[in-house]
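K.L.:
Let the sequences and hints guide you as you build the complete structure.
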Amino acid sequence: MGAIATAAVPAARRELAKWLALGVSLATFVLAAVIAVRFDPDGDRFQLTESRAWIADFGVRYELGVDGIAVVLVALTALLVPFVILAGWRDADPAGGSAASTQSRWRPTQGFFALILAVEAMVIISFLATDVFLFYIFFEAMLIPMYFLIGGFGDKAHEHGEEEAARQRSYAAVKFLLYNLAGGLIMLAAVIGLYAATSDQLGAGTFSLQEILQARGNGELELSTNTERLLFLGFFFAFAVKAPLWPLHTWLPNAMGESTPPVAVLITAVVDKVGTFAMLRFCLGLFPEASDWATPLVLVLALVSILYGALLAIGQRDIKRLIAYASISHFGFIILGIFAMTSQGHSGATLYMVNHGISTALLMLVAGFLISRRGSRLIADYGGVQKVAPVLAGTFLVGGLATLSLPGLAPFVSEFLVLVGTFSRYPVIGIIATVGIVLAAIYVLVLYQRTMTGPVTEKVAKLPDLRVREVLVVAPLIALLVGLGVYPKPLTEIVNPAVEHTMSDVQKTDPEPDVTPVEAAHE
Amino acid sequence: MSKGVHSLWMAQDGVDKIEAPHIEYDLLAPTLIVVGAAVLGVAVEAFVPRRHRYVVQVGLAVLAMAAAFGAVVTLAATGHGTDEAQTAAMGALAVDGPALFLQGTILLVGVLGVFTFAERRLDPAAHGNRVDSFAAEAAAVPGGEAEQSAVKAGFTTTEVFPLLLFATGGMLIFPAANDLLTLFIALEVLSLPLYLLCAVARRKRLMSQEAAVKYFLLGAFSSAFLLFGIALLYGYAGSVKYAVIADVVAGNPQNMTPALADTMGNDALLLIGGAMLLLGMFFKVGAVPFHMWTPDVYQGAPTPVTGFMAAATKVAAFGALLRLLYVVLPGMKWDWRPVMWGIAIVTMVVGAILAITQTDVKRLLAYSSIAHAGFILAGVTAANEEGISSVLFYLAAYGFVTVGAFAVVTLVRDAGGEATHLSKWAGLGRRSPLVAAVFAVFLLAFAGIPLTSGFAGKFAVFKAAAEGGATPLVVVGVIASAIAAFFYVRVIVLMFFSEPRPEGPAVTVPSAFTVSAIAVGVAATLVLGVAPQYFLDLAGDAGVFVR
Chain W
1 MGAIATAAVP AARRELAKWL ALGVSLATFV LAAVIAVRFD PDGDRFQLTE
51 SRAWIADFGV RYELGVDGIA VVLVALTALL VPFVILAGWR DADPAGGSAA
101 STQSRWRPTQ GFFALILAVE AMVIISFLAT DVFLFYIFFE AMLIPMYFLI
151 GGFGDKAHEH GEEEAARQRS YAAVKFLLYN LAGGLIMLAA VIGLYAATSD
201 QLGAGTFSLQ EILQARGNGE LELSTNTERL LFLGFFFAFA VKAPLWPLHT
251 WLPNAMGEST PPVAVLITAV VDKVGTFAML RFCLGLFPEA SDWATPLVLV
301 LALVSILYGA LLAIGQRDIK RLIAYASISH FGFIILGIFA MTSQGHSGAT
351 LYMVNHGIST ALLMLVAGFL ISRRGSRLIA DYGGVQKVAP VLAGTFLVGG
401 LATLSLPGLA PFVSEFLVLV GTFSRYPVIG IIATVGIVLA AIYVLVLYQR
451 TMTGPVTEKV AKLPDLRVRE VLVVAPLIAL LVGLGVYPKP LTEIVNPAVE
501 HTMSDVQKTD PEPDVTPVEA AHE
Chain G
1 MSKGVHSLWM AQDGVDKIEA PHIEYDLLAP TLIVVGAAVL GVAVEAFVPR
51 RHRYVVQVGL AVLAMAAAFG AVVTLAATGH GTDEAQTAAM GALAVDGPAL
101 FLQGTILLVG VLGVFTFAER RLDPAAHGNR VDSFAAEAAA VPGGEAEQSA
151 VKAGFTTTEV FPLLLFATGG MLIFPAANDL LTLFIALEVL SLPLYLLCAV
201 ARRKRLMSQE AAVKYFLLGA FSSAFLLFGI ALLYGYAGSV KYAVIADVVA
251 GNPQNMTPAL ADTMGNDALL LIGGAMLLLG MFFKVGAVPF HMWTPDVYQG
301 APTPVTGFMA AATKVAAFGA LLRLLYVVLP GMKWDWRPVM WGIAIVTMVV
351 GAILAITQTD VKRLLAYSSI AHAGFILAGV TAANEEGISS VLFYLAAYGF
401 VTVGAFAVVT LVRDAGGEAT HLSKWAGLGR RSPLVAAVFA VFLLAFAGIP
451 LTSGFAGKFA VFKAAAEGGA TPLVVVGVIA SAIAAFFYVR VIVLMFFSEP
501 RPEGPAVTVP SAFTVSAIAV GVAATLVLGV APQYFLDLAG DAGVFVR
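Chains as they are written, first to last, in my numbering: chain W, 1 to 523; chain G, 1 to 547.
Careful: at least some of the hints might be erroneous.
To be verified - According to the in silico footprint, chain G covers these stretches of chain W (three or more CB under 8 Å from chain G):
1. 137-150
2. 167-175
3. 178-187
4. 278-285
Keep in mind that the hints were calculated from the coordinates and are not lab data.
Ideal Cβ placement from N, Cα and C applies to all residues, glycine included.
P.N.:
Here it is as structure tokens:
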């Protein structure tokens, strides 16, 4: 798996990079599908493991393995990247025929696709890593290609011309990098602290998740309350930046607003999932007591994220920033699900990651098509698009409805599970979170109303509808949304056993159900 | 003889009883080869016709370094780094793991240094002669008639190669020195040629000379402190040998004399002497608050010299510092650790913060080197075996990155020579993607991004520090790293995301010399980052000092 992922990068440097990149990403997808099929939900916790010593001095091993949660997310990543590549087909083409671009040896096209594949590879390895150090390395390393994707291939459309766009873009890229790097470095301190603790008590330091879990299970590794809390905070901080959780979210709207739509999809739908995934795997897994201790705080922050994101989304004038704030709201739901510490919450959060990935991808890509046609990101510049380009408007509506969790579409299932999971333990918080859904309905419908309905404005009148390539991108995503909305069972079956493991890590059982059990939610 | 005064002749009855020293030539081979080649180089200057000197000098320097490196490897392979570690030349030098590891590093960095020194493709040919980064005639008044005629005649300062060899020789002795006098002599042997090298830039000669004078004055000052510290320690322990001093500090000297019994109780001698000794070392490694010279000298010196100096001097000086702290003064651990803590914290923070405001790439790298000195000090403070090996690894990683980074700086030029002002680097990534990408790799390594050598090194020292109980140091280090990342990233932004300026500098295509220096730098950066295990083992095996 790792070999394929890394081999993908140099290959894409050659000419015909686009087709190659598409091919590689499809191959990765096939491989991910194979893994998903071979994965046995009822088997061991970690399957298809691979382990090799890497830096023995540090006790670092190259350890990969999938559990039910990881396999789903790997599949999601592998699924979305081909669409991202397809959608970004023209984004990195040099500006037509200008003298500067022919003279320079700057080859943006190859670079763009190579970077996307590099990000994919690193994200997948982070999902698969069962060694804390290995995870950390790729968690950090993915910032670099991501940074170049944001800064180098940003959105050229800006009301104040290209110069201003470039300035905004590099600002966004730097903000992205610094936020995440700071988070990562604090995590590094915690990683070192964890290592020091293990080498103190186990004789030899280790980063292996399985070994640490085992040692914690049989009492060989006892962390004092303070140590555990500090380490938890170190890890959690990094993941909260990445996820992003309020108040560490401010990089996301900039990064998503300034980057090209496919890259924005890559950020929210793929890269940010590493943050929430890692909370589930590392924070809860390694530091169950500290997680319990921090739960009230995290729940409140998640709640603030949900409401704050949704409220700000309503107030946005810029389509892409609106979607970014909507994502912040959704990440609030995911984190809420994780820290509700119920099995519904966990399955819901995992499903939410997948569904949010798909629905945001759809909405963002369609928005991107729209923006590239009109050359403006401002909502006020649109109106009446549905009369001119009905297919575009229709797909946009589906994406929007998925974002507001319309029953029948996939996100509904997960949002419902998260809310049920939260409600069964923290009823008040569950109720307040529900307000987030109402707000979501407002921002999505207002967005749709302002851009797609109403009188046709002058510049919109000439907009062409979706091209074949674009339909090709959008159609499967819609199919998936509908499919998983109606029949989410395959996913839940893979996820549920893994969730049980996590639940047993945190030594929590579901509160006595006077609420609907999991199965009832979708049958 | 009055009571309380040590005498060098105390053990002997008369001068005629002094034995001829026993010299283990094989153990000293690396140093002897380099210094011998340096002397030969001076002879070459005197006897070889001017037009042949360049080729002869470069060849001699590379050969000497390679031979010396071979000798180091042979010594290491025959177990002198581990089981057979011993002292040589009547205890004046130690041949042990850390010494051999650092000597090997210095020699490799030195070879890269020779390569960058020998580069003659970068400056446009003057009067049909290819020229390097060094003044045609360093002694001539800048801009004066003598200089013009020297340029016209195509003179070049080939003396830089023997000077480089002398400096390298001093650096080889510095971390291996096993008594205080040898330490001082090594310091002078390595410093004096560097002062000279700083002064001989071809372009911006006044700045270069100013840098050299500053470096010389401050360096002389710090040498004086070091010497005074040595005198006080001698007064305390009655010997300049590391092992003897260590015994006295620990309170159980081998042979007690009345004089020793009298001075041993005088802690003032020990504390002030030790502090002055460390002060001299801090100056060389560029730790805050003894860092003031670094930016000016780094900026003014010819860039190849800066690269060599920044990398190799730091390696040698940290080696010597390690030996002092771990061999001579372990008995004072509780006294020096808090001081080192403070220095390490201040160095990391000040270096990282001041670097943010820099606008010149050489000054930027100078401040970054200060911050890195702080990170290394964090490892030194660990006071355990891990600390030694992590510092060794960090030094090796840092040395290659530094030489490579400064070699890249020599390539970016405009009409006025090297374009070191950062604003001129804008858009370099679009014009010369390869050079910019290479520089970006070095910057990322400085910033300690995973999969580069900088990360492996940083991780090693922080881990050692955490295990040595210095967790607050690690936290400060991590914060300083985050600050430092900001300015490294800023340069990358500038190179890749800014529009190129129309009259901006061009990247000169260098000869194979600089290309290979940069290539080795990049390769070392990536190999040490992705697969550091072998080198960590090497550094781990080398983690024990002989006494």
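K.L.:
Does each hint fit the structure? Answer for all of them.
P.N.:
Consistency of the hints with the structure:
{"no.": "1", "hint": "137-150", "verdict": "holds (count 8)"}
{"no.": "2", "hint": "167-175", "verdict": "holds (count 4)"}
{"no.": "3", "hint": "178-187", "verdict": "holds (count 5)"}
{"no.": "4", "hint": "278-285", "verdict": "violated (count 0)"}
The structure fails to meet hint 4 from the earlier list, while all remaining hints are met.
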